[in-house]
Amino acid sequence: MTTTESTSEFTQAEGRSHVRKIVGIWLVVAIIADYFVWFVYGPHMPPGAMTDQARGQQFDIKVISVLAIPVLLFLWTFGFYSIAKFRGGRDRPDGYYVKGNVKTQTAWYVITATLVLFLAGFGTYELIVPAGAGGGEGPSPIWTPSTPVKLVVQVIAQQWRFTYRWPQFGGMETTSINLPVNTQIQFDVTSIDVIHDFWAYQLGVKADANPDVNNVAYAKTLQLGRFTVRCDELCGIWHGAMYNYGNVVSQQQFYNWATQMQKQNATVTKLLPKFALTYTPSYTGAGGGYYPSGDPNGTTA
Amino acid sequence: MSNAVSENVTVDEEQYYHDANLGAIWSASRTLIAVVSTLFGGLVFSYFYLRSLNSHGLWDPNGIKASPLLGTIILAFIIASAVIMQVVNRRLRMGITIDWQVGALAALGLGVLAGAFQIWILTRLNFMPGSSGYAGVYVASGPVNALVILLSMYWLETLVARSIRSRKLTAQDGGIGVSSQPSAENFRASLDGFTVFWTYFAVLSIVVWYLLYVL
Amino acid sequence: MAIKTTSIAQGGDGGRAVAEEKKGFRLNVFTGLIVGVLGYLFGHWMGNAIAGGYQQVVGSGQNDVAILLGFIFGTIGWFLGLGILNYPIQKMAGIEPPAEKYEYEPGVMKYFRYTLDNKVVGIQYLFGMLFYFFTAGLLAMGIRTELLSPTNHIWGPATYLEIVGEHGTMMMMMMTSVVMGPFGNYLVPLMIGSKRVAFPRLEAAAFWFTPAAYIILLSALWQGGFQSGWTGYAPLSIQQGVGQDAYLFSFALLGFSMITSSINMTATIINYRAPGMRWSRLPMIAWGMITVAFTMLLSVPILIDGLYVMGLDRSVQTAMLYAGHGGSSFLWENLFWFFGHPEVYLLALPGFGLTMEILPVFARKPLFGYRTAVAGMVGVAVLSFFVWQHHLFQSGMNPDMRPLFMLTTELISIPTGFIYLVGLGTLWRARMRFDVPMLFMLAVFFNFLFGGITGVYVSDVPVNVTVHGSYFVMAHFHYTIMGQLIFAVMGAIYYYSPLYFGIKLNEKWGKIHFWTMFVSFNSTFLPLFVLGLLGMPRRVFEYAARLQHLNQWVTISSYVLGLSLTFFVITFVWQLAVTRPKSPLNPWQSRGLEWQVGYPIPPGNFDKIPVILSGPYEYGDPNALPVADLKPVEPSAVGVSSGGEI
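Chains as they are written, first to last, in my numbering: chain R, 1 to 301; chain H, 302 to 516; chain B, 517 to 1162.
Mixed in with the good hints there might be a few duds.
Below are the EDC-like pairs computed for lysine to aspartate or glutamate, each with C-alpha atoms no more than 16 Å apart in a straight line [to be verified]:
no., chain 1, residue 1, chain 2, residue 2
1, B, 1098, B, 1023
2, B, 1147, H, 314
3, B, 607, H, 458
4, R, 62, R, 34
5, R, 85, R, 14
6, R, 270, R, 173
7, B, 1147, B, 1123
8, R, 99, B, 1137
Worth flagging that the hints you see were computed from the coordinates, not collected in a lab.
All values reported here derive from a predicted model rather than from experimental measurement.
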């Protein structure tokens, strides 16, 4: 919709001059900001580049930032410019009588829709290609890594600790975690009581640990170093204390550690329930001990 | 002049708010349908969700259902009640108030019985509430069903009581079903709202009955 | 003082209205409390009689059946004691009470009773909501105090989580009504030119649910609380003590409040618009209210289902949320978030309604792109039903749905963007006046921008892997809710106190309040984005030592925020109760219809049904007609149905 110039003080020329100033300021600020985001902060953005998945997430954060910051800055420039220039007062007449502008509105719809659709497409690509981007994909993952999985680690969460079982090492269970570098790893995350969440921050892996559900996530290690494991889903009073640390080590070191642990734990491993994708929590008192242990209908073992 | 005009406007306002009130009853009875649909929608979702997950094979391992006989009786009562309401509403519009009153009382009785049976079923289930997914969903939907039925019957009861009480008031101009008095129009708006709601609920009940007792 | 009486003629059997009330003793909040307590005791006794012998009750000494029945009968007692059930009971005898009278009643006792005047209900809501907000805010101070140090603890971990849960639940459930209650109920009839609301009893009952919900929710604290947060994920919530029953029951009560309130709101806006109040002239607050009301009507019943399922699992031992017996913990997550995400928008939409209502007044310009604004609100409301699984991206359910939910979630930024377009367009070549309400409205746009832009990060599944469940998400939704909704509400309080109370709050104090709140709010929540990106999960009482400085910064800022809000409370109450600085009529020179009725607003809102002549935002047009003819001499309403063309 166009309007008549209700008062001579609101001329088209003056309007164009405002637009030029706003766009000019915005362009300068946005280019500088994007430069800093991409080149200066970008390489240090979380969660780092310890795995393929973490690196993908870091790249995503960078791309979204580079697109989002100009949007933020445009709105700021426009807003602060307006606050500085378009001031009135009790004794001054009202503002420019305009109720809409077809060109501006259309441009806005088109630009926002394009941005949003691009981001959705980009996000989907970045989700599928790095095998689920490190997120838990449930019991039957649909985005699997292109290279074969070399190591399977089962993460068992319980109130309030994580333990790890290693099917390739006799099904042993450890309380600490070490991973080999340059290896495609599959995490099978499950819980034996309430919902927890396995968050290995530097690995870019996050998967809810649900009782009776095997939640699979993938990561390919790329760098040596230490990583943090935290519970990221509220799981009761000691949720805040449910964390430990792990290391990505060389493949030889890992092999040595794992075989040694297997030997050391051999007697305990025999007492554990057979390795399975999930473990029935009935026997562990989940649900507040409400339900009698075992199956009420006697149909499953 | 001012006197006459203000007189006029007052009358207009009465009519205006009367019309708005009839509209509001229409809107509210339809939004009520939306609310009840969503309420049952959550339970139906639970039904399908747990059925499709079938955790530990325990959705309904032994195929035990709550008494299909009683379930079918409840459904039959609800449908009969809704059908009776449809029929007697027509009689009411012809000005035969007494038929409507008898019919509505019968519909009310059937509805109350349906609600009572629904509660009774819950006291004689042949399974424990935690024995399977189906058991849980059944135990959950029973009380909701009974509550919605009984609250609907409350609505119908107020209508019946109102028609009886305003019997004398509307006697001159053909009874509450045709009277042009505002109170009669208001009554009919409420009755329409109820009938639409109750008919819808009968259809919804068929779906719920099929899921809980047949499928 | 002379008592003005306006009898509102109202179809039906002479209208639905309070029976002529006897002067002298009337039921009020105290009788409500007494009967409520008696009801609770009865319910508790009954629960013990029924379930006292159950195996799990004997084994654990915890009788959830008794607690829940206590709550149910307590609430019924509360309603009986307040007199809310008188009318429904009378109806069973076919009695339709005589025409309701809206009379001016001096004194404050009317605020402690069940009353039918939309303006009294609005004030009840206003003070109720502020009270609930400050209670929950105090709990937030408790959370931040604990987080001053990663190693020294003020609270035990259990108490800490109780506080977190209470804060979250109180805010999320109560603040759903922070606009519809005080502003919707009060202003919508005034704005659409109606003397009444469609269902005054539903409206009033909706308010009286809230004190019951508040008391029950807080009662959890002395029953061991609930450590499952406001999200109450099963099986943790099944494992909890009886505090969880208080959580689920109070949340459900608030659900009923939202439904009753919404039924009234939709029926009022659809049917009670004055002649000439076309949909294209409907003020933005009314648009906000009707979109929110529909969103509530379609989402809240699902929440009630979810809470009910949780209650059954806890009390009668069904196992719907427990996979070991054929249920699934995912069921709760789905039911809860199917409500939980529309809920986030039903907090945001009314805030936008308020903002777009107030912005043109101080920009002295018409609202830019009225249809775009409406499309934005409707679009957000509709899309909000299709995004709930984005809370569950890492949960392990249905990975194939993730691209779809990522798309729908990001699509929602298009209608949200509409609202920014409207904001920017309205500021374009305006003649802005920087009174306190305007400052708050500008801050709404500033703050929500952070919330909106970080929303794009959160909705991107790969980024979500890092930020899900972290302080990043927490900062994100505090920006959208507190930074947007609460700022809008604060601005609206400044804006509407001349209309509500006849006082104009001190500009200087208002500016002190605004600037301290604005700066400390941003200083509190901006660092939380960083904390989240650095790996701090939500709801922890211990965190990495390297994050201590940032946390201390946040805690101290939050104290300043708390002080700023305290300053507001003190100055507000002081000016309201003691100094009462008199306001001129319509001090902001607003065109809104609500400002044209004068102060005090007549008990029936208008002497005559007004005839709406033009839109409410025609600033800057010297030829614009006044918004309405308040004293139509011609019988212009003849044969015109509500909202009809004029």
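Hint check results:
1. Restraint check: the Cα-Cα separation between residue 1098 of chain B and residue 1023 of chain B comes to about 13 Å, which is no more than 16 Å; the hinted pair holds.
2. Taken as a hint, the residue 1147 of chain B and residue 314 of chain H pair is honoured in the structure, with Cα atoms around 13 Å apart against an allowance of 16 Å.
3. In summary, the hint linking residue 607 of chain B to residue 458 of chain H is supported, as the alpha carbons are separated by about 9 Å, within the 16 Å threshold.
4. The hinted pair formed by residue 62 of chain R and residue 34 of chain R meets the criterion: a straight-line CA distance of about 10 Å does not exceed 16 Å.
5. Between residue 85 of chain R and residue 14 of chain R the CA atoms are separated by roughly 12 Å; this keeps the pair inside 16 Å, and the hint holds.
6. A hinted pair counts as satisfied when its Cα atoms are at most 16 Å apart, and residue 270 of chain R with residue 173 of chain R qualifies at roughly 11 Å.
7. Simply put, residue 1147 of chain B and residue 1123 of chain B have alpha-carbon atoms about 8 Å apart, close enough for the 16 Å limit, and the pair holds.
8. For the proposed pair residue 99 of chain R and residue 1137 of chain B, the alpha carbon gap of about 11 Å is at most 16 Å, so the pair holds.
Figure legend: structure checked against the earlier numbered hints; every hint is met.
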